[in-house]
Amino acid sequence: MRNIFIICFGFFLAANFTFSQENKTVTKDTVIDGKPNVTGKVIPVEMDSINLKNLEDLPEVAELEQKWLEELYNNSLYDTIYKTVSELTYEHVDYPELTTDTLKARLERLNARTPFNVEYNPQLESVIKKYLKHRRKSLERLMGLSHFYFPMFEQEFDNYNIPLEMKYLSIVESALKPKARSRVGATGLWQFMFVTGKEYNLEVSSYVDERSDPERATTAAAQYLSRLYKIFGDWDLALAAYNSGPGNVNKAIRRSGGYQNYWNIRPFLPRETAGYVPSFLATMYIFEFAKEHGFKPERPPFQHVQTDTVHVKQMITLDQVSEVTGVNIEELQFLNPSYKLDIIPKIEGKTYALRLPREVIGIFTTHEEKIYAFAKSEFDKREKPLPELVKVDTKIRYRVRSGDYLGKIARKYGVRVSQIKRWNGLRSNNLRIGQRLTIYPRNPVAKTKPKSTKTTVNSKGKTTYKVKSGDSLWSIAQKFPGVSVQNIKDWNDISGNKLKIGQTLIVSK
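Under our numbering, the residue at position 256 of the sequence shown is numbered 256, and the numbers go up by one with no gaps.
Derived by calculation from the structure, the hints in this document are not laboratory data. A virtual CB, placed ideally from N, CA and C, is assigned to each residue, including glycine. Honestly, I wouldn't trust all of these hints.
[Claimed, not checked] Derived DEER-like restraints, expressed as beta-carbon distance ranges:
| no. | residue 1 | residue 2 | range |
| --- | --- | --- | --- |
| 1 | Gln260 | Gln155 | 27 to 33 Å |
| 2 | Gly403 | Glu108 | 41 to 47 Å |
| 3 | Ser256 | Glu97 | 34 to 40 Å |
[Stated by the list, open to error] Straight-line C-alpha distance at most 27 Å; calculated BS3-like pairs for lysine-lysine:
| no. | residue 1 | residue 2 |
| --- | --- | --- |
| 4 | Lys313 | Lys296 |
| 5 | Lys104 | Lys296 |
| 6 | Lys370 | Lys489 |
| 7 | Lys340 | Lys370 |
| 8 | Lys489 | Lys376 |
| 9 | Lys137 | Lys104 |
| 10 | Lys370 | Lys198 |
| 11 | Lys381 | Lys395 |
| 12 | Lys479 | Lys376 |
| 13 | Lys350 | Lys421 |
| 14 | Lys370 | Lys500 |
| 15 | Lys340 | Lys296 |
| 16 | Lys395 | Lys462 |
| 17 | Lys489 | Lys466 |
Given these sequences and hints, build the entire structure.
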(Lines of atoms letter the chains of each structure in order from A and count residues from 1; the text may use other names and numbers.)
(Lines give C-alpha, C1' and ligand atoms only; values in the text may rest on other atoms or scores of the structure.)
Protein backbone atom coordinates (compact mmCIF):
# COMPACT_ATOMS: atom_id res chain seq x y z
CA MET A 1 0.00 0.00 0.00
CA ARG A 2 2.70 2.38 -0.98
CA ASN A 3 3.27 4.57 -4.00
CA ILE A 4 6.19 3.14 -5.94
CA PHE A 5 7.77 6.57 -6.29
CA ILE A 6 7.93 7.27 -2.54
CA ILE A 7 11.14 9.05 -1.65
CA CYS A 8 13.01 8.98 1.60
CA PHE A 9 10.58 6.35 2.84
CA GLY A 10 11.22 4.42 6.01
CA PHE A 11 10.33 1.37 8.04
CA PHE A 12 8.62 -7.27 15.46
CA LEU A 13 14.42 -3.43 16.74
CA ALA A 14 16.55 -0.23 16.93
CA ALA A 15 20.16 -0.25 15.64
CA ASN A 16 21.49 -0.90 19.09
CA PHE A 17 18.87 -3.54 19.88
CA THR A 18 20.30 -6.78 21.22
CA PHE A 19 18.56 -10.12 21.51
CA SER A 20 19.33 -10.95 25.11
CA GLN A 21 17.89 -12.73 28.06
CA GLU A 22 19.24 -10.41 30.71
CA ASN A 23 15.80 -9.14 31.68
CA LYS A 24 14.42 -12.52 32.72
CA THR A 25 13.03 -13.00 36.18
CA VAL A 26 14.76 -15.87 37.99
CA THR A 27 13.14 -17.37 41.05
CA LYS A 28 15.05 -19.13 43.82
CA ASP A 29 13.25 -22.42 43.22
CA THR A 30 13.82 -22.44 39.47
CA VAL A 31 16.72 -24.65 38.44
CA ILE A 32 18.19 -26.40 35.42
CA ASP A 33 20.69 -29.06 36.39
CA GLY A 34 21.21 -27.21 39.64
CA LYS A 35 21.36 -23.76 38.00
CA PRO A 36 18.67 -21.01 37.78
CA ASN A 37 16.39 -20.94 34.76
CA VAL A 38 13.21 -19.14 33.69
CA THR A 39 10.79 -22.00 33.12
CA GLY A 40 9.80 -22.64 36.73
CA LYS A 41 10.48 -26.37 36.36
CA VAL A 42 13.37 -28.75 37.00
CA ILE A 43 14.86 -29.58 33.61
CA PRO A 44 17.32 -32.53 33.52
CA VAL A 45 20.33 -32.01 31.31
CA GLU A 46 19.83 -35.11 29.13
CA MET A 47 18.06 -34.50 25.81
CA ASP A 48 15.91 -37.60 26.24
CA SER A 49 14.26 -36.00 29.25
CA ILE A 50 13.42 -32.53 27.90
CA ASN A 51 10.34 -31.44 29.79
CA LEU A 52 8.24 -28.99 27.81
CA LYS A 53 5.19 -26.93 28.85
CA ASN A 54 3.93 -29.08 31.73
CA LEU A 55 0.51 -27.49 31.80
CA GLU A 56 -2.85 -29.14 31.39
CA ASP A 57 -4.74 -27.81 28.38
CA LEU A 58 -8.46 -27.12 28.35
CA PRO A 59 -10.76 -27.93 25.41
CA GLU A 60 -11.92 -24.32 25.11
CA VAL A 61 -8.29 -23.12 25.10
CA ALA A 62 -7.38 -25.63 22.39
CA GLU A 63 -10.35 -24.44 20.34
CA LEU A 64 -9.23 -20.82 20.71
CA GLU A 65 -5.71 -21.76 19.67
CA GLN A 66 -7.02 -23.47 16.55
CA LYS A 67 -9.00 -20.34 15.64
CA TRP A 68 -5.85 -18.31 16.23
CA LEU A 69 -3.75 -20.52 13.93
CA GLU A 70 -6.35 -20.31 11.19
CA GLU A 71 -6.44 -16.52 11.61
CA LEU A 72 -2.68 -16.26 11.08
CA TYR A 73 -3.06 -17.78 7.61
CA ASN A 74 -6.11 -15.80 6.56
CA ASN A 75 -5.27 -13.01 4.11
CA SER A 76 -8.87 -11.92 3.51
CA LEU A 77 -8.64 -9.06 6.02
CA TYR A 78 -5.63 -7.51 4.30
CA ASP A 79 -7.21 -7.88 0.86
CA THR A 80 -10.47 -6.33 2.10
CA ILE A 81 -8.82 -3.35 3.78
CA TYR A 82 -6.56 -2.65 0.81
CA LYS A 83 -9.58 -2.59 -1.50
CA THR A 84 -11.67 -0.50 0.93
CA VAL A 85 -9.08 2.25 1.31
CA SER A 86 -8.30 2.54 -2.41
CA GLU A 87 -12.00 2.61 -3.41
CA LEU A 88 -13.48 4.58 -0.51
CA THR A 89 -16.77 6.41 -1.15
CA TYR A 90 -18.70 8.77 1.11
CA GLU A 91 -22.38 8.14 0.48
CA HIS A 92 -24.93 8.29 3.32
CA VAL A 93 -25.05 5.13 5.46
CA ASP A 94 -28.14 4.23 7.47
CA TYR A 95 -26.88 3.20 10.91
CA PRO A 96 -29.40 4.32 13.57
CA GLU A 97 -27.33 2.77 16.40
CA LEU A 98 -25.00 5.79 16.13
CA THR A 99 -26.62 9.21 15.85
CA THR A 100 -24.79 12.17 14.37
CA ASP A 101 -24.97 14.07 17.68
CA THR A 102 -23.44 11.14 19.61
CA LEU A 103 -20.67 10.80 17.03
CA LYS A 104 -19.90 14.54 17.18
CA ALA A 105 -19.60 14.40 20.97
CA ARG A 106 -17.31 11.37 20.89
CA LEU A 107 -15.10 12.81 18.15
CA GLU A 108 -14.76 15.97 20.19
CA ARG A 109 -13.59 13.91 23.18
CA LEU A 110 -11.18 11.97 20.96
CA ASN A 111 -9.85 15.16 19.42
CA ALA A 112 -9.05 16.52 22.88
CA ARG A 113 -6.75 13.62 23.75
CA THR A 114 -4.84 13.19 20.47
CA PRO A 115 -2.77 15.53 18.28
CA PHE A 116 -4.60 14.29 15.18
CA ASN A 117 -7.29 16.52 13.71
CA VAL A 118 -10.39 14.47 14.60
CA GLU A 119 -13.11 16.95 13.75
CA TYR A 120 -16.55 15.89 12.58
CA ASN A 121 -17.43 16.07 8.91
CA PRO A 122 -20.03 14.11 6.87
CA GLN A 123 -17.35 12.15 4.97
CA LEU A 124 -15.80 10.82 8.17
CA GLU A 125 -19.25 9.96 9.53
CA SER A 126 -19.93 7.96 6.36
CA VAL A 127 -16.71 5.95 6.70
CA ILE A 128 -17.24 5.22 10.41
CA LYS A 129 -20.81 4.03 9.92
CA LYS A 130 -19.85 1.97 6.86
CA TYR A 131 -17.16 0.17 8.89
CA LEU A 132 -19.51 -0.43 11.82
CA LYS A 133 -22.25 -1.75 9.56
CA HIS A 134 -20.27 -3.87 7.10
CA ARG A 135 -16.93 -4.70 8.74
CA ARG A 136 -17.88 -5.49 12.31
CA LYS A 137 -16.67 -9.10 12.28
CA SER A 138 -13.33 -8.28 10.69
CA LEU A 139 -12.75 -5.37 13.09
CA GLU A 140 -13.42 -7.65 16.05
CA ARG A 141 -10.81 -10.08 14.73
CA LEU A 142 -8.32 -7.24 14.33
CA MET A 143 -9.00 -6.08 17.88
CA GLY A 144 -8.08 -9.54 19.13
CA LEU A 145 -4.87 -9.59 17.10
CA SER A 146 -3.98 -6.07 18.27
CA HIS A 147 -3.47 -7.33 21.83
CA PHE A 148 -0.30 -9.03 20.62
CA TYR A 149 1.20 -6.12 18.65
CA PHE A 150 -0.05 -2.85 20.15
CA PRO A 151 1.99 -2.88 23.39
CA MET A 152 5.18 -3.24 21.34
CA PHE A 153 4.09 -0.50 18.91
CA GLU A 154 3.31 1.88 21.76
CA GLN A 155 6.68 1.34 23.41
CA GLU A 156 8.57 2.09 20.20
CA PHE A 157 6.45 5.13 19.31
CA ASP A 158 6.98 6.49 22.80
CA ASN A 159 10.75 6.25 22.23
CA TYR A 160 10.39 8.58 19.23
CA ASN A 161 7.74 10.93 20.71
CA ILE A 162 5.12 9.79 18.22
CA PRO A 163 1.42 9.82 19.19
CA LEU A 164 0.54 6.38 20.51
CA GLU A 165 -2.63 6.40 18.39
CA MET A 166 -0.32 5.95 15.40
CA LYS A 167 -0.55 2.23 16.18
CA TYR A 168 -3.86 2.22 14.28
CA LEU A 169 -1.94 2.96 11.09
CA SER A 170 -0.84 -0.69 11.04
CA ILE A 171 -4.51 -1.72 10.70
CA VAL A 172 -4.92 0.43 7.58
CA GLU A 173 -1.53 -0.54 6.17
CA SER A 174 -1.48 -4.32 6.60
CA ALA A 175 -4.42 -5.60 8.72
CA LEU A 176 -1.68 -6.64 11.18
CA LYS A 177 -0.23 -9.21 8.76
CA PRO A 178 3.60 -9.30 9.07
CA LYS A 179 3.90 -10.95 5.65
CA ALA A 180 1.32 -8.79 3.89
CA ARG A 181 2.49 -7.81 0.40
CA SER A 182 0.82 -5.22 -1.82
CA ARG A 183 0.51 -5.42 -5.59
CA VAL A 184 3.49 -3.05 -5.97
CA GLY A 185 5.71 -5.01 -3.57
CA ALA A 186 5.30 -3.09 -0.30
CA THR A 187 5.79 -5.65 2.49
CA GLY A 188 5.19 -6.16 6.20
CA LEU A 189 3.13 -4.60 8.98
CA TRP A 190 4.23 -1.13 7.87
CA GLN A 191 4.34 -1.84 4.11
CA PHE A 192 7.89 -0.90 3.10
CA MET A 193 9.11 -0.88 -0.45
CA PHE A 194 12.43 -2.64 -1.12
CA VAL A 195 14.55 0.50 -1.55
CA THR A 196 13.03 2.30 1.45
CA GLY A 197 13.54 -0.75 3.64
CA LYS A 198 17.21 -0.78 2.68
CA GLU A 199 17.46 2.91 3.53
CA TYR A 200 16.27 2.15 7.06
CA ASN A 201 18.60 -0.85 7.47
CA LEU A 202 15.97 -3.53 6.91
CA GLU A 203 17.77 -6.51 5.39
CA VAL A 204 16.19 -8.22 2.42
CA SER A 205 17.88 -11.38 1.11
CA SER A 206 16.95 -14.82 -0.20
CA TYR A 207 16.54 -16.07 3.39
CA VAL A 208 15.47 -12.96 5.33
CA ASP A 209 13.07 -10.05 4.85
CA GLU A 210 13.25 -7.75 7.85
CA ARG A 211 10.37 -5.68 6.49
CA SER A 212 8.31 -8.54 7.96
CA ASP A 213 10.11 -8.39 11.32
CA PRO A 214 7.59 -6.66 13.64
CA GLU A 215 10.16 -5.00 15.91
CA ARG A 216 12.74 -3.90 13.34
CA ALA A 217 10.04 -2.68 10.97
CA THR A 218 8.24 -0.75 13.73
CA THR A 219 11.49 1.00 14.64
CA ALA A 220 11.97 1.98 11.00
CA ALA A 221 8.36 3.18 10.72
CA ALA A 222 8.82 5.31 13.85
CA GLN A 223 11.99 6.86 12.43
CA TYR A 224 10.29 7.70 9.14
CA LEU A 225 7.13 9.10 10.74
CA SER A 226 9.26 11.27 13.01
CA ARG A 227 11.09 12.56 9.94
CA LEU A 228 7.84 13.36 8.13
CA TYR A 229 6.47 15.27 11.11
CA LYS A 230 9.58 17.46 11.14
CA ILE A 231 8.86 18.30 7.50
CA PHE A 232 5.15 19.13 7.78
CA GLY A 233 4.60 19.88 11.48
CA ASP A 234 1.19 18.18 11.27
CA TRP A 235 0.37 14.53 11.98
CA ASP A 236 -2.47 14.34 9.44
CA LEU A 237 -0.12 15.50 6.68
CA ALA A 238 2.59 13.15 7.96
CA LEU A 239 0.10 10.28 7.56
CA ALA A 240 -0.73 11.36 4.01
CA ALA A 241 2.99 11.60 3.19
CA TYR A 242 3.58 8.14 4.66
CA ASN A 243 1.17 6.76 2.09
CA SER A 244 1.95 8.76 -1.03
CA GLY A 245 5.29 10.43 -0.31
CA PRO A 246 6.17 14.00 0.74
CA GLY A 247 6.30 15.13 -2.89
CA ASN A 248 2.64 14.35 -3.56
CA VAL A 249 1.56 16.12 -0.37
CA ASN A 250 3.54 19.23 -1.33
CA LYS A 251 1.94 19.20 -4.78
CA ALA A 252 -1.53 18.94 -3.20
CA ILE A 253 -0.76 21.92 -0.93
CA ARG A 254 0.28 24.02 -3.95
CA ARG A 255 -2.75 22.97 -6.03
CA SER A 256 -5.11 23.82 -3.17
CA GLY A 257 -3.80 27.36 -3.04
CA GLY A 258 -1.57 26.87 -0.02
CA TYR A 259 -3.95 25.19 2.44
CA GLN A 260 -2.29 22.87 4.97
CA ASN A 261 -5.30 21.18 6.54
CA TYR A 262 -5.64 17.62 5.28
CA TRP A 263 -9.35 17.96 4.51
CA ASN A 264 -8.67 21.04 2.39
CA ILE A 265 -5.97 19.39 0.28
CA ARG A 266 -7.64 15.95 0.09
CA PRO A 267 -9.27 16.58 -3.34
CA PHE A 268 -5.79 17.12 -4.79
CA LEU A 269 -4.20 13.95 -3.39
CA PRO A 270 -3.96 10.57 -5.17
CA ARG A 271 -7.20 8.61 -4.81
CA GLU A 272 -5.76 6.03 -2.42
CA THR A 273 -4.28 8.73 -0.16
CA ALA A 274 -7.59 10.62 -0.21
CA GLY A 275 -9.17 7.62 1.53
CA TYR A 276 -6.16 6.89 3.72
CA VAL A 277 -6.57 9.39 6.56
CA PRO A 278 -10.39 8.94 6.80
CA SER A 279 -9.80 5.19 7.11
CA PHE A 280 -7.20 5.80 9.80
CA LEU A 281 -9.46 8.16 11.77
CA ALA A 282 -12.45 5.82 11.44
CA THR A 283 -10.34 2.91 12.69
CA MET A 284 -9.09 5.00 15.61
CA TYR A 285 -12.62 5.99 16.58
CA ILE A 286 -13.95 2.41 16.48
CA PHE A 287 -11.04 0.99 18.50
CA GLU A 288 -11.23 3.80 21.06
CA PHE A 289 -15.00 3.38 21.49
CA ALA A 290 -15.12 -0.40 20.97
CA LYS A 291 -16.82 -0.99 24.32
CA GLU A 292 -19.58 1.50 23.56
CA HIS A 293 -20.28 -0.35 20.31
CA GLY A 294 -20.38 -3.77 21.98
CA PHE A 295 -17.24 -5.30 20.48
CA LYS A 296 -16.01 -8.45 22.26
CA PRO A 297 -12.68 -9.44 20.69
CA GLU A 298 -10.97 -12.74 21.44
CA ARG A 299 -7.45 -12.33 22.79
CA PRO A 300 -4.58 -14.35 21.30
CA PRO A 301 -3.27 -17.31 23.34
CA PHE A 302 -0.11 -15.38 24.28
CA GLN A 303 1.22 -11.83 24.31
CA HIS A 304 4.36 -10.34 22.79
CA VAL A 305 5.82 -9.83 26.28
CA GLN A 306 5.44 -13.57 26.88
CA THR A 307 8.02 -14.27 24.18
CA ASP A 308 11.78 -13.87 24.08
CA THR A 309 14.64 -14.39 21.67
CA VAL A 310 17.82 -16.44 21.49
CA HIS A 311 20.75 -15.99 19.11
CA VAL A 312 21.01 -18.80 16.58
CA LYS A 313 24.48 -20.35 16.42
CA GLN A 314 23.89 -22.71 13.50
CA MET A 315 21.49 -22.97 10.57
CA ILE A 316 18.21 -24.45 11.73
CA THR A 317 14.67 -24.67 10.37
CA LEU A 318 11.45 -23.79 12.12
CA ASP A 319 10.33 -27.36 11.43
CA GLN A 320 13.26 -28.68 13.45
CA VAL A 321 12.58 -26.23 16.28
CA SER A 322 8.96 -27.37 16.32
CA GLU A 323 10.04 -31.00 16.42
CA VAL A 324 12.23 -30.45 19.48
CA THR A 325 10.20 -27.93 21.47
CA GLY A 326 6.66 -29.07 20.67
CA VAL A 327 5.65 -25.53 19.65
CA ASN A 328 3.30 -25.60 16.64
CA ILE A 329 5.00 -24.68 13.36
CA GLU A 330 2.29 -22.04 12.76
CA GLU A 331 3.13 -20.30 16.04
CA LEU A 332 6.84 -20.36 15.18
CA GLN A 333 6.12 -18.87 11.77
CA PHE A 334 3.99 -16.17 13.40
CA LEU A 335 6.72 -15.33 15.91
CA ASN A 336 9.46 -15.39 13.25
CA PRO A 337 7.85 -13.93 10.10
CA SER A 338 11.04 -12.46 8.63
CA TYR A 339 12.44 -15.88 7.65
CA LYS A 340 11.12 -16.31 4.11
CA LEU A 341 11.84 -20.04 3.73
CA ASP A 342 11.29 -21.01 7.39
CA ILE A 343 15.08 -21.36 7.62
CA ILE A 344 17.19 -19.33 10.06
CA PRO A 345 20.58 -19.02 8.34
CA LYS A 346 24.04 -18.77 9.87
CA ILE A 347 26.06 -16.25 7.89
CA GLU A 348 29.43 -14.86 8.96
CA GLY A 349 29.12 -11.29 10.20
CA LYS A 350 25.34 -11.55 10.61
CA THR A 351 23.30 -12.20 13.73
CA TYR A 352 19.89 -13.85 13.55
CA ALA A 353 17.51 -14.64 16.38
CA LEU A 354 14.79 -17.15 17.06
CA ARG A 355 11.72 -15.91 18.94
CA LEU A 356 10.02 -18.44 21.20
CA PRO A 357 7.43 -18.50 24.00
CA ARG A 358 9.29 -17.60 27.21
CA GLU A 359 8.76 -20.98 28.86
CA VAL A 360 10.58 -22.68 25.98
CA ILE A 361 13.63 -20.39 25.94
CA GLY A 362 15.24 -22.07 28.97
CA ILE A 363 14.79 -25.50 27.43
CA PHE A 364 16.30 -24.44 24.12
CA THR A 365 19.37 -22.76 25.61
CA THR A 366 20.04 -25.60 28.03
CA HIS A 367 20.04 -28.23 25.30
CA GLU A 368 21.12 -26.15 22.30
CA GLU A 369 24.20 -28.26 21.49
CA LYS A 370 22.07 -31.38 21.14
CA ILE A 371 19.39 -29.45 19.26
CA TYR A 372 21.95 -28.16 16.75
CA ALA A 373 23.36 -31.67 16.39
CA PHE A 374 19.84 -32.89 15.63
CA ALA A 375 19.40 -30.09 13.06
CA LYS A 376 22.70 -30.98 11.38
CA SER A 377 21.77 -34.65 11.14
CA GLU A 378 18.48 -33.63 9.54
CA PHE A 379 20.24 -31.44 6.99
CA ASP A 380 22.63 -34.29 6.22
CA LYS A 381 19.70 -36.61 5.54
CA ARG A 382 18.03 -34.11 3.25
CA GLU A 383 21.06 -33.93 0.99
CA LYS A 384 20.13 -37.39 -0.38
CA PRO A 385 18.16 -37.59 -3.63
CA LEU A 386 14.40 -37.81 -3.19
CA PRO A 387 14.04 -41.45 -4.47
CA GLU A 388 16.29 -42.62 -1.61
CA LEU A 389 14.05 -40.95 0.93
CA VAL A 390 10.62 -42.05 -0.23
CA LYS A 391 9.11 -44.57 -2.58
CA VAL A 392 7.57 -43.10 -5.70
CA ASP A 393 4.50 -45.30 -5.32
CA THR A 394 3.65 -43.61 -2.00
CA LYS A 395 3.02 -40.26 -3.72
CA ILE A 396 -0.44 -38.75 -3.39
CA ARG A 397 -2.06 -35.66 -4.88
CA TYR A 398 -3.87 -33.54 -2.29
CA ARG A 399 -6.47 -30.92 -3.17
CA VAL A 400 -6.45 -27.85 -0.90
CA ARG A 401 -9.78 -27.24 0.85
CA SER A 402 -11.22 -24.22 2.62
CA GLY A 403 -9.54 -23.78 6.02
CA ASP A 404 -6.39 -25.67 4.99
CA TYR A 405 -2.90 -24.37 5.70
CA LEU A 406 0.48 -26.04 5.36
CA GLY A 407 0.91 -26.99 9.02
CA LYS A 408 -2.50 -28.64 9.12
CA ILE A 409 -1.81 -30.67 5.97
CA ALA A 410 1.69 -31.62 7.16
CA ARG A 411 0.34 -32.99 10.45
CA LYS A 412 -2.33 -34.98 8.61
CA TYR A 413 0.28 -36.89 6.62
CA GLY A 414 3.08 -36.99 9.21
CA VAL A 415 5.46 -34.81 7.18
CA ARG A 416 7.01 -31.38 7.60
CA VAL A 417 5.93 -28.04 6.19
CA SER A 418 9.35 -27.59 4.62
CA GLN A 419 9.00 -30.94 2.83
CA ILE A 420 5.64 -30.00 1.29
CA LYS A 421 7.13 -26.68 0.17
CA ARG A 422 10.17 -28.43 -1.34
CA TRP A 423 8.12 -31.12 -3.11
CA ASN A 424 5.86 -28.49 -4.67
CA GLY A 425 8.33 -25.66 -5.27
CA LEU A 426 6.48 -23.32 -2.89
CA ARG A 427 8.29 -20.11 -1.89
CA SER A 428 5.68 -18.97 0.64
CA ASN A 429 3.03 -20.43 2.95
CA ASN A 430 0.12 -19.15 0.88
CA LEU A 431 -2.32 -21.72 -0.54
CA ARG A 432 -5.41 -21.35 -2.69
CA ILE A 433 -8.55 -23.46 -2.57
CA GLY A 434 -8.42 -26.16 -5.24
CA GLN A 435 -4.63 -26.12 -5.49
CA ARG A 436 -3.07 -29.57 -5.97
CA LEU A 437 -0.13 -30.59 -3.79
CA THR A 438 2.22 -33.54 -4.21
CA ILE A 439 2.81 -35.26 -0.87
CA TYR A 440 4.87 -38.30 0.10
CA PRO A 441 3.23 -39.51 3.37
CA ARG A 442 5.47 -41.07 5.97
CA ASN A 443 5.10 -44.78 6.63
CA PRO A 444 3.27 -44.68 9.97
CA VAL A 445 4.56 -48.09 11.05
CA ALA A 446 7.83 -48.05 12.94
CA LYS A 447 10.00 -50.61 11.17
CA THR A 448 12.70 -50.87 13.82
CA LYS A 449 12.67 -50.17 17.52
CA PRO A 450 15.53 -50.05 20.03
CA LYS A 451 15.76 -53.18 22.14
CA SER A 452 15.24 -51.07 25.26
CA THR A 453 11.94 -49.71 23.97
CA LYS A 454 9.07 -51.83 25.21
CA THR A 455 5.98 -51.74 23.01
CA THR A 456 2.84 -53.78 22.61
CA VAL A 457 0.25 -54.19 19.91
CA ASN A 458 -3.34 -53.73 21.03
CA SER A 459 -6.42 -55.45 19.68
CA LYS A 460 -6.80 -52.85 16.94
CA GLY A 461 -3.28 -53.44 15.64
CA LYS A 462 -1.87 -50.16 16.97
CA THR A 463 1.60 -50.07 18.54
CA THR A 464 1.60 -48.59 22.04
CA TYR A 465 4.27 -47.39 24.44
CA LYS A 466 4.16 -46.97 28.23
CA VAL A 467 5.61 -43.69 29.53
CA LYS A 468 8.59 -44.01 31.88
CA SER A 469 10.22 -41.51 34.25
CA GLY A 470 12.15 -38.87 32.29
CA ASP A 471 10.21 -39.40 29.05
CA SER A 472 9.01 -36.46 26.98
CA LEU A 473 7.05 -36.32 23.74
CA TRP A 474 10.22 -35.47 21.84
CA SER A 475 12.31 -38.28 23.36
CA ILE A 476 9.54 -40.83 22.71
CA ALA A 477 9.18 -39.70 19.08
CA GLN A 478 12.94 -40.27 18.63
CA LYS A 479 12.49 -43.95 19.56
CA PHE A 480 10.21 -44.58 16.58
CA PRO A 481 11.53 -43.72 13.08
CA GLY A 482 9.05 -41.75 11.03
CA VAL A 483 7.05 -40.61 14.06
CA SER A 484 6.92 -36.94 15.06
CA VAL A 485 5.83 -35.20 18.24
CA GLN A 486 2.73 -33.96 16.45
CA ASN A 487 1.89 -37.52 15.33
CA ILE A 488 1.87 -38.69 18.95
CA LYS A 489 -0.23 -35.71 20.02
CA ASP A 490 -2.75 -36.27 17.22
CA TRP A 491 -3.01 -40.05 17.72
CA ASN A 492 -3.54 -39.66 21.48
CA ASP A 493 -5.68 -36.51 21.44
CA ILE A 494 -3.05 -34.58 23.42
CA SER A 495 -3.22 -30.79 23.20
CA GLY A 496 -0.50 -29.96 25.72
CA ASN A 497 2.86 -31.57 26.48
CA LYS A 498 2.32 -33.09 29.91
CA LEU A 499 2.83 -36.86 30.28
CA LYS A 500 2.15 -39.15 33.22
CA ILE A 501 4.37 -42.05 34.23
CA GLY A 502 2.61 -45.27 33.23
CA GLN A 503 0.48 -43.55 30.62
CA THR A 504 -0.06 -45.66 27.48
CA LEU A 505 0.49 -43.89 24.19
CA ILE A 506 -0.28 -44.96 20.64
CA VAL A 507 3.01 -44.58 18.77
CA SER A 508 1.97 -45.88 15.35
CA LYS A 509 -1.18 -46.65 13.43
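Contradicted hints - numbers only = 4, 10, 15
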